[in-house]
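S.K.: Could you put together the complete structure from these sequences and hints?
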Amino acid sequence: SAVISQKPSRDICQRGTSLTIQCQVDSQVTMMFWYRQQPGQSLTLIATANQGSEATYESGFVIDKFPISRPNLTFSTLTVSNMSPEDSSIYLCSVEPASEAFFGQGTRLTVV
Amino acid sequence: GQQLNQSPQSMFIQEGEDVSMNCTSSSIFNTWLWYKQDPGEGPVLLIALYKAGELTSNGRLTAQFGITRKDSFLNISASIPSDVGIYFCAGYVTGGGNKLTFGTGTQLKVEL
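Chains A and B supply the protein sequences, listed in that same order. Once you know that position 56 of the first sequence is 56 in the numbering used here, the rest is easy, because the numbers rise by one and skip nothing. Once you know that position 42 of the second sequence is 42 in the numbering used here, the rest is easy, because the numbers rise by one and skip nothing.
In short, the hints are calculated from the structure, not lab data. Please read all numbers here as calculations on a predicted model, not as lab measurements. Note that the Cβ used here is the ideal one computed from N, Cα and C, for glycine as well. Check before you lean on any hint, since a few could be wrong.
[Claimed, not checked] Simulated restraints on C-beta separations: (1) A:T110 - B:T68: 38 to 44 Å; (2) B:T68 - A:Q41: 22 to 28 Å; (3) B:A78 - A:S18: 37 to 43 Å; (4) B:A78 - A:F75: 23 to 29 Å.
M.R.: Take a look at the structure:
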């Protein structure tokens, strides 16, 4: 299994600001994934991040709102831009080295 | 998009009881995964299933990949207080690429 570290683990942000979440993996992986988990809900895929190419976004998520970087095979960032209270969620990074997805501990974001 | 319906949505357990939950889909899945999420943490993989009819155990947990490939169940035997949490099924749809679809979740609570 892969060990995934996310930073920050939680943050409280003012509306209109942006937050960048970092995800570090202890091994090289081809694909990294970003999920959102709204309060009391299941996980929804935001985008897939491949090294050397632009991220692929799921329906309902756009690059201007959730820009993603993938500078190498062990690291990715997700930025939540121009935040509103509706962005308050847990954001999770995931990798799938085989057919099993492993997750970081998540970033709990509260927008006030 | 794909939907995975989990039932029950929530359940109360008493220590020592066996617990059963299931997950159904409108589409055929080629992999089923079961996760547990504790408060403030990311989902942790419990069991992975790869073949229709497969029955796999992990300690007190047993999961099965349905013959129709559209369902899966998870059983927990002799429950203990630390089993409390939210359980998610997830899977890869045949022909759906690397996108993992999550179920709606089953919240396990301890009955006082």
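S.K.: So which of those numbered hints doesn't the model satisfy?
M.R.: 3 and 4
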